[in-house]
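Asks: Residue-level listing of the chains:
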Amino acid sequence: MILAAYFFACICGQESDGQGTGVHKHWDYIVIGGGPAGLQLGHFLKKSNRDYVIMERNGIPGSFFATYPRHDMLISINKRHTGKTNTEFNLRHDWNSLLSDDPSLSFTRYSKDFFPHRKVMVDYLRDYQQKLGLSVRFNTEISNIRRDANAEFAMEDQHNNTYSCRYLILATGLWKPNTPDFVGSEYVEGYEEVPIDADDFEGQSVLILGRGNAAFEVADRIYGSTNLIHMMSRSRVRLSWATHYVGDLRAVNNGLLDTYQLKSLDGVLEAPIEELRVVKTEDGKLRLEFTSPDHASSSLKPDDPDFDNFALREPYDRIIRCLGWEYEPGIFNSQTKMSKGHGRKRKYPVIGHNYESVDFPGMYVAGTLSHSLDFRKSAGGFLHGFRYTVRALHRLLEWKNHQVAWPSASGLTSDLLTRIMKRINEASGIYQMFFMLGDVIILRSNRQEYTYLEEFPLHLLHQVEEQTGHPADEVIVVSLEYGANFSGAGNDIFRADRATGEPSEGHMSNFLHPVFYFYKSLPSAEDMENLFPHENLPRPDRLHHMVEDFLTNWDAPKSHILPLRRFLENIFNQDERQFFSHECFEMGMKFDHLPPFCNRFYMAGRGLDSASSLMEHIKASDMLV
Amino acid sequence: MCLVNIEVLVGLEMLIKVNFELVTDITHLSVFLREFFASSMEMTAYNVKFLTVDCPTYSQEISYCQRKDVETEVFIFKDGEEIIHLGLDTMFDVSSIVSNVLQIVLLREVPIIQKQKQRTLHEQTLAGHSDLIFSYQGAIGTYEHRIFMEVAHAYTWKYRFALTTEASAVNDLPGYIASEDSAIWVIPCSKAKNPTDPEGCKGGGQAIKYKGVMSLFPLANFMKFLDVVPIHDVSVDGLYNPYKANNMNTVYIYYDQQSRTQVMKEAGMILGEYRGHVGILMVDVKLKRLSDFGYLPQWKIPALAVQLDGSDELKPMLEYFNPVQFVGETLNLAKSESASHESGETWTEKPLEEDMDPDDLSNVEIQDDPVAEAVYSSRHSPPDRTHLLTLTRKNYESEINEREFTMVLYFLTFDARSMAFMYSYSEAANALAKLSETDMRWKMPLATMDCYDWTDICDKINVTTYPTVRIYRKGHEPIEYKGLLSTQAVASAVRFGIHPMIMKDVSNVSVVGLFPDVTHSAVSEFREAAKQLHGKVLCGIAFGEVASEMFAAKAADFETSQLPSLVMVKRSDVFQPRLSVPMLTSANAIVKWISQSKMPLLPQLTAENYPYYYQLQKPFLILFTEDISAHPLYKILGDLAQDSDAPEATYSWMSIRKEDHVNQRILQFYLKSQKISESLVFVCFLSGRIFIYPENEGTVDEIKTWMIQALNNAIEFTSTLEFHEWKPRHPGYDFLKMMDEEATRDPDVHDNYDPLDPDSAYEYQPRGDDPDDETRKALQELRDSRLFHQKPKPLRKHPSDSRPEDSQTTWHENPRTEL
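Protein chains in written order, with UniProt numbering: chain A, 1 to 625; chain B, 1 to 819.
Treat the hints as calculated values from the structure; they're not laboratory data. Computed from a prediction, not measured in an experiment: that's the story for all the values here. Worth double-checking, as some hints may not be accurate.
[What the hints assert, rightly or not] Below are the DSS-like pairs computed for lysine-lysine, each with C-alpha atoms no more than 30 Å apart in a straight line: (1) A:Lys558 with B:Lys598; (2) A:Lys119 with A:Lys347; (3) A:Lys46 with B:Lys737; (4) B:Lys737 with A:Lys590; (5) B:Lys460 with A:Lys84; (6) B:Lys482 with A:Lys590; (7) B:Lys737 with B:Lys704; (8) A:Lys520 with B:Lys460; (9) B:Lys265 with A:Lys590.
[Unchecked claim] Some chain A residues judged to face chain B by a derived CB distance under 8 Å, without partners named: (10) Gly324; (11) Glu426; (12) Leu460; (13) Pro563; (14) Phe580; (15) Phe585; (16) His593.
Using N, Cα and C, we set each Cβ at its ideal position, and we do this for glycine too.
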């Protein structure tokens with residue numbers, strides 16, 4: 001009876017608030033978090049008719065965007081025009097839309113702003129959930145997630161309803177502010193609470209801790225009112241246009257770099273925040289001191305006679321903390337807390353490249369939380385990237401849990417060149433998730449036929465068969481990559497020799513360009529683990545780099561297509577040239593064999609005639625040679 | 001002049017400014033320095049010194065270091081005076097550095113001329129004295145420029161040299177080709193008696209163009225061979241071949257008294273084109289030991305043969321005709337060049353499978369796919385798409401659903417086959433457009449859909465290969481068009497699709513099923529067969545009285561005598577205008593009979609029907625003729641084709657009229673001769689053997705016997721089909737290998753070479769495997785030996801002596817790096 005009632009609720013597309021207590025409900029999949037990643041996964045689960053629910057703490061989807069960014073502006077680009085009508089290509093430059101089959105759910109229809117208001121995202125996510133009828137239980141605060149007796153996951157909400165599922169997907173994102181402990185941290189205001197009205201900072205001296213987009217966002221909005229702004233962080237500013245990493249400082253927020261370098265009192269400097277001490281002076285101002293952790297007694301104070309030029313010796317009116325977010329494991333009970341990463345990945349739970357927790361089989365991570373896999377490397381921490389990793393996760397689950405093989409297309413390898421050309425010129429998933437997701441082409445039947453898998457997590461290449469359900473031995477991998485020595489803070493990415501146009505120098509391309517790996521047999525798990533720092537995949541049997549292109553149109557007949565054809569020809573070990581009928585005829589009369597192209601088309605009555613308007617020109621040009 | 005010091009200086013200020021961590025920032029400069037150091041090795045032989053100055057350290061001592069452009073310029077000094085400074089961007093590799101510096105070393109010896117008139121004046125001053133070697137260089141600083149300068153350096157003692165960068169200065173010279181980046185001519189001014197002598201060099205009338213590949217070895221050889229007496233008559237000059245000893249190509253001309261004048265003239269013509277590439281050995285056939293000179297008794301006089309350097313084999317000209325062309329083709333000095341002389345009508349061996357040199361990386365980007373090449377070279381005259389309906393997301397559904405008939409071409413612009421077909425497709429549309437003037441049904445029946453622009457639509461309807469052509473008819477499921485990709489075939493398919501009744505215009509064959517009544521059991525089978533042949537053959541059906549009447553009316557012609565029967569009318573078949581059989585019992589059998597019988601009895605073999613005949617797996621008997629109906633064997637072959645005793649074969653003919661180049665080439669291949677004549681050829685695909693019927697006439701029995709003998713291998717075959725495996729023609733770029741090599745050569749540019757440490761430059765090793773090295777050494781030796789024998793000019797004082805007081809000491813003792 002109870003189940004039936006919930007079933008009804010599900011059909012309506014929106015779970016009712018659990019008013020009663022002690023009700024129990026079970027699904028195959030519970031997704032925790034109704035933000036972009038949770039909804040994205042919900043769409044795929046619904047589309048494949050899976051038994052799922054999304055648990056959302058708040059009353060709306062994507063409630064994070066109801067508050068953040070504090071100064072309202074999203075920094076994911078909303079590029080409405082590319083000059084192309086190719087919907088897939090255009091997704092390469094639309095960073096806000098989630099994937100769906102409904103063209104009205106294109107974010108570009110929601111705002112004309114290149115950097116839209118956060119509220120647009122709230123509207124968009126609401127529509128996305130409603131139009132697609134995704135099953136979300138709002139106002140449901142999950143806690144005490146644990147393993148139950150059936151080795152499934154059990155949990156409860158604030159009304160003591162209990163839920164269980166076979167597979168748990170954590171898509172909560174990062175929402176807990178990172179608040180390091182130091183002496184005087186109580187005087188520091190957090191990004192989440194600091195006033196947004198610039199008038200509140202009139203004539204004040206402000207120190208901002210942090211050097212990310214939030215820090216600069218705050219600085220950008222208030223620096224017209226302040227005396228000065230100083231920014232402090234442990235490491236140097238990393239500009240996203242220098243690193244190709246969208247999580248680094250975006251140009252749209254970096255006005256303070258201007259005022260610093262143009263000697264307008266503002267400044268940026270590097271210092272360890274953990275060693276900071278904030279002291280309140282008698283007149284209510286905040287002064288900085290630094291303690292060396294090794295010598296607790298020795299500290300650097302503004303009045304230190306030995307360091308009378310200490311940069312931060314003037315006191316501040318306010319100190320604002322913009323130090324980012326971290327993963328909050330509070331919803332788990334002590335037995336099911338996923339371990340956290342190390343070093344710079346410490347804010348993420350540890351997962352494998354199949355997005356599954358390394359600690360608890362059946363527990364997965366989707367969206368921003370899965371960014372440990374490509375932190376500071378690719379776009380998996382951002383909507384335009386994780387919409388594809390979520391799809392990859394769903395495809396992995398489909399095979400693993402329901403024996404539905406990874407979606408694929410098959411064909412003759414003689415058609416492969418055109419298929420690859422089309423993919424590299426439009427595919428968005430491998431473009432956004434460069435280095436991470438790539439197309440895997442399985443060669444079959446003595447390399448005569450192929451099976452094409454799109455957007456496969458490349459770090460699972462050694463397991464392609466067990467992860468997708470497609471038997472694989474010989475494979476070609478298509479991946480988009482930046483040059484090894486190009487990006488990085490401090491590199492001059494505008495240097496004169498930054499680009500090459502020579503196909504023979506494809507491997508020296510710096511900008512994003514297609515790379516093709518051919519393996520006669522799949523690399524082993526060992527190969528995958530022992531990569532050199534500059535390698536993305538183990539050494540293949542044959543490698544091809546397609547030279548970078550300023551327009552990202554890799555369609556030049558001689559520079560792009562021809563070298564790729566030769567690469568494929570050498571894999572297939574046959575001449576893949578195309579011929580007109582009269583040429584096939586002549587060869588048929590003279591040779592004991594015909595080229596494969598002639599055999600396949602001409603001999604099957606599908607020869608290609610040379611149109612008179614085409615031939616006229618050829619003759620003329622021949623004479624010019 | 002050559003013993004004068006030339007010094008090249010580059011400022012290093014920029015290097016010192018950067019610290020070690022940011023070494024990547026100066027990659028471009030470190031690359032330049034590597035090239036600079038490499039050049040310095042090569043230029044020592046030319047007495048040019050390369051110096052670098054550590055500017056930040058010695059900015060006080062060396063005034064140049066205070067110049068603003070010291071970071072971006074290379075300074076060149078001669079006798080202590082700066083003569084020029086050049087931007088680093090013009091000196092990007094060894095070739096550009098060496099060529100630029102050599103140009104300066106030889107500024108006087110190799111003047112740069114910009115106008116034709118200047119060249120003519122130059123020629124006039126040389127008249128009667130010296131030959132002029134004149135070069136056109138599209139750009140300065142290239143490899144071609146470099147080798148020209150290297151050769152000039154070695155031969156200034158013998159010839160005068162000059163060059164131009166203006167095509168207008170050379171476009172009057174023989175063999176000028178506008179698209180060439182560089183060219184070299186020998187203008188024989190020394191022969192002129194006076195400056196205006198028309199026989200001499202005025203206007204370059206007698207100029208000989210260098211025809212070899214633009215690389216050092218062949219060019220140096222050319223210069224060497226210019227010096228060798230070009231004609232050697234063995235009976236006058238001695239019984240030996242001087243050219244073989246010189247490693248030259250030899251042209252043997254065998255003459256007798258009658259032909260002497262003629263061949264001498266022709267020898268002159270050959271030299272007019274190929275001097276420097278060949279020597280001509282004149283052999284009088286009166287000579288006793290003719291065989292010593294390669295002569296074979298069966299050769300008719302005059303005869304000519306070419307012996308390539310390094311080969312013992314003589315290649316004779318089979319028929320003495322146009323010796324200049326034969327010599328050119330045999331030498332095959334530059335492949336692109338020989339291609340330009342042929343307009344497709346002369347016979348070239350294996351034109352379609354010319355193998356590429358796998359080691360030559362430049363070939364990777366030379367298009368060898370004829371379809372891609374055709375599309376690319378016609379990119380400026382795109383197909384006329386006026387009459388093609390362009391489908392987009394907006395109109396796709398409505399057009400497809402509402403029109404009676406639409407043919408849609410799904411294409412990708414980067415798919416060459418799609419784009420080549422687009423030309424035929426639009427031609428068909430243009431042809432059909434005329435019909436729409438009177439009948440609206442013909443309005444734009446051909447549509448296109450760009451599957452890159454509308455990728456989601458093509459995805460949805462599962463179009464995954466290109467081009468895909470589908471036919472949409474209102475109320476029907478779409479059909480995949482699987483016919484020929486030709487103008488004709490597309491137009492026919494449209495005509496048939498819109499209006500089947502005009503099929504007789506489209507097809508030469510129609511079939512009627514004649515039945516006693518509608519209820520006959522075979523009617524449904526016939527209908528099924530007709531359905532399968534939809535679009536290919538027009539099928540009709542008749543019952544009862546109508547059928548009987550039709551039958552009676554044509555009874556005399558028919559081979560069967562009863563209903564039901566199948567009747568086929570072949571409008572264009574002279575030998576077999578109609579035929580019939582008793583009705584067959586299954587649809588498949590009907591289809592099979594129709595498919596087999598619809599072909600003409602003695603077809604013209606064309607590119608279009610070859611696939612059909614080939615799959616019959618019978619040998620081909622082909623009459624190659626210019627005019628089939630006038631050929632004496634035409635009738636005979638028709639009889640043979642109908643003769644049930646004749647060997648199983650496809651009896652056919654092919655046209656060898658002037659415009660049928662492909663057929664001519666095929667016959668040339670069978671005859672193994674450039675010269676073709678009407679022939680009867682028996683091609684046995686199974687054995688790969690080809691037989692030529694020895695006569696022009698024959699009876700049915702004679703030809704039958706000959707064919708049987710051929711099939712039994714009882715007679716000799718003329719030629720065989722060539723065995724060819726269609727393997728990749730080039731390994732392409734091996735990036736793994738390239739990266740490995742780069743890693744070992746310079747694990748990182750900065751690892752073994754430190755731009756901040758001038759000493760590290762000493763460790764630089766020049767790239768080892770330059771094929772030009774040996775030639776270069778030989779040229780330099782030549783030059784040096786001449787120098788020894790010429791009076792050297794007095795040595796000037798050391799540059800430091802002539803410098804102003806304030807800088808002279810530092811200049812000499814300065815901390816420069818001498819390489």
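Asks: All hints are to be evaluated individually against the structure, with a verdict given for each.
Replies: Quick rundown of the hints versus the structure:
For the suggested pair Lys558 of chain A and Lys598 of chain B, the alpha carbons sit about 44 Å apart, so the restraint of at most 30 Å is broken. With a C-alpha separation of about 27 Å, the suggested pairing of Lys119 of chain A with Lys347 of chain A holds against the 30 Å cut-off. With a C-alpha separation of about 48 Å, the suggested pair Lys46 of chain A and Lys737 of chain B falls outside the 30 Å cut-off, and the hint is violated. The suggested pairing of Lys737 of chain B with Lys590 of chain A is violated, with an alpha-carbon distance near 37 Å, which exceeds 30 Å.
The hinted pair formed by Lys460 of chain B and Lys84 of chain A meets the criterion: a straight-line CA distance of about 19 Å does not exceed 30 Å. Restraint check: the Cα-Cα separation between Lys482 of chain B and Lys590 of chain A comes to about 27 Å, which is no more than 30 Å; the hinted pair holds. For the hint linking Lys737 of chain B to Lys704 of chain B, the alpha-carbon distance of about 60 Å lies beyond 30 Å, and the restraint is violated. Among the hinted pairs, Lys520 of chain A with Lys460 of chain B is inconsistent with the structure: their alpha-carbon atoms are about 33 Å apart, more than 30 Å.
For the given pair, Lys265 of chain B sits about 39 Å from Lys590 of chain A by alpha-carbon distance, which is inconsistent with the 30 Å threshold. Given the 8 Å rule on beta carbons, the hint for Gly324 of chain A is violated: about 27 Å separates it from the nearest Cβ of chain B. Given hint, Glu426 of chain A at the interface with chain B, holds; its Cβ is 6 Å from that chain's nearest Cβ, closer than 8 Å. A distance limit of 8 Å between C-beta atoms decides the matter here; for Leu460 of chain A the minimum to chain B is near 23 Å, and the interface restraint is violated.
With a cut of 8 Å, the hint placing Pro563 of chain A at the interface with chain B holds, because the nearest CB-to-CB distance is about 6 Å. Interface hint at Phe580 of chain A: satisfied, since its Cβ lies 6 Å from the closest Cβ of chain B, which is below the 8 Å cut-off. A distance limit of 8 Å between C-beta atoms decides the matter here; for Phe585 of chain A the minimum to chain B is near 4 Å, and the interface restraint holds. A least Cβ separation of about 6 Å between His593 of chain A and chain B falls short of the 8 Å threshold, and the interface hint therefore holds.
The structure is inconsistent with the numbered hints 1, 3, 4, 7, 8, 9, 10, 12, although it conforms to all the rest.
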